[in-house]
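With the hints as a guide, dock the two chains, each given alone in a separate frame, to form the complex.
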Amino acid sequence: MRTRDINKEALIREKAIEIIVNDGFDGLSMHKLAKSAGVSVATIYIYFKDREDLIQQLYSEETKKMSDATLRNFDPESHFDEGLKVQWMNRMTYCLENPYSITFMEQLKHSPLVDRSTIDMRFLHAMSRFVHKAIERNEIVPLPVEIYWSIAFAPLYQLVKFHISKSSMPGRPPFIFDEPKINQTLELVLKALKP
Amino acid sequence: MKDNYTTAEFVLIFRTNINRKKHVRSVSHLLDSRKEIIRWNVDLSDIDNVLRIEATHPDCTPVIQLVTQAGYACEELTD
Numbered sequence: 001m002r003t004r005d006i007n008k009e010a011l012i013r014e015k016a017i018e019i020i021v022n023d024g025f026d027g028l029s030m031h032k033l034a035k036s037a038g039v040s041v042a043t044i045y046i047y048f049k050d051r052e053d054l055i056q057q058l059y060s061e062e063t064k065k066m067s068d069a070t071l072r073n074f075d076p077e078s079h080f081d082e083g084l085k086v087q088w089m090n091r092m093t094y095c096l097e098n099p100y101s102i103t104f105m106e107q108l109k110h111s112p113l114v115d116r117s118t119i120d121m122r123f124l125h126a127m128s129r130f131v132h133k134a135i136e137r138n139e140i141v142p143l144p145v146e147i148y149w150s151i152a153f154a155p156l157y158q159l160v161k162f163h164i165s166k167s168s169m170p171g172r173p174p175f176i177f178d179e180p181k182i183n184q185t186l187e188l189v190l191k192a193l194k195p
Numbered sequence: 001m002k003d004n005y006t007t008a009e010f011v012l013i014f015r016t017n018i019n020r021k022k023h024v025r026s027v028s029h030l031l032d033s034r035k036e037i038i039r040w041n042v043d044l045s046d047i048d049n050v051l052r053i054e055a056t057h058p059d060c061t062p063v064i065q066l067v068t069q070a071g072y073a074c075e076e077l078t079d
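Going down the list, the protein sequences come from chains A and B. Residue numbers for the first sequence follow UniProt numbering, beginning at 1 and rising by one. Residue numbers for the second sequence follow UniProt numbering, beginning at 1 and rising by one.
If we strip away everything but chain B, and leave its shape as in the complex, we get (with noise of 0.2 Å):
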């Protein structure tokens, strides 16, 4: 099960304004192309549009910076 990862692996959870799949293929290359972001995906079922990144690091700038470039809204969702 999930519950036995160990990994040092962040989870950060962005609302954006990625509607569309075809808006998810636009990013995918720039979120695909970066070290440390092992894995991500959006969902496109609910309002938010969550960005959900697996990543080696923390740090969420660098993603909002990635996907702002791109065209899109992207702040952290946080607690």
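Excised from the complex, chain A in its bound form (with noise of 0.2 Å):
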């Protein structure tokens, strides 16, 4: 009988994202996947039961891995302006350390192939009592939740998106997302923020 082998599965999955976010999913056949992983086709077989258990798979590790490293360091209950430059910074040195992890979840935000309701609760709950702490202390304004989280967030990722890029506007020199560049983003962000 073969035995489960962690590093094994962990190269796996690791191969698996790699072929997803540069021949996308249809580009991933388990063939493919073997002969990158360097295992055998049926050795994928003992660890995930199909291609689409696969995916799945993928999508809750991720997430997992995603919603631990927001998560360190992060007080709940801490002023909106301290918290949410923890959650930028963490949001941040988790893009750059795994960039081929944000591009398949990208990839998979408006996906049939996952079942999102298995997402995870701990960090729903976090962000969700932070938001509502921070409104309660009069620090930010109400706001539907996407245009919270278009203002809160989407800036750090587009910028976040041209330093790993190393591209930016037309006739421009490549963009480093540095200290400075990210207090300055972050203290107008909050500035909208603010009642």
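Source of the hints: derived by calculation from the structure; they are not laboratory data. Hints are not guaranteed to be accurate.
[To be verified] 25 Å max Cα-Cα, derived PhoX-like pairs, lysine-lysine:
id	chain 1	residue 1	chain 2	residue 2
1	A	85	A	65
2	B	21	A	15
3	A	49	A	35
4	A	109	A	161
5	B	22	A	49
6	A	49	B	21
7	A	166	A	109
8	A	32	A	49
9	A	161	A	15
Below you can see the structure in the form of structure tokens.
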């Protein structure tokens, strides 16, 4: 009988994400994945029921990793200005350390291939508590969540994208998202959300 | 997580030509009726049409016989 090997499983996951990012979902075949991870097709099926199960498990695992990283040293009770800074730094670090994972999650965002009902509730609760406390203490204005998210986080993700792709607006030099630029942007975002 | 299962369970992997949902349905009563098969599925989204079986014993022969008798190709996919 074949035994489970955590390292092998991790390698299969990592390679699967790379293939999906580089070649799309249709580009992921079990043969290609086996070759790339240096295992047999049969071995992949020991860990994953089928292609759908593989993609669903990748999504769950990456979501969990991202939540853990985002909640590191984050206190949902903290003042909004401080808490948002921690969120920004955590999210940015995660994006820079896991560029494949970020692109993969982006690809899955609007895909029917995964069931998102299994989303990490711990993360949702922490973020929701953080926002509601801040509104209660009159640190930010109450807003529909989509608008809140777009102001609080979309600028961060866009600038991280510029930074990772090493490009920016036409005719401009590569954009480097360094500490002064982070603080400059964060200040504007905080100002926009103030009552 | 999955890694916690410690039951004496064997995963058997076969390459087949079961490539449509109706073909899967046509073998389902055969597979469901076997006590030694705990669960099974066919991956229709990949070229090998893998039949994956979690069973209480590691013997592939009965499964191959069962699927072949139903009129499909079935061979063990080895490492």
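In rising order, the numbers of the hints this structure does not comply with: 2
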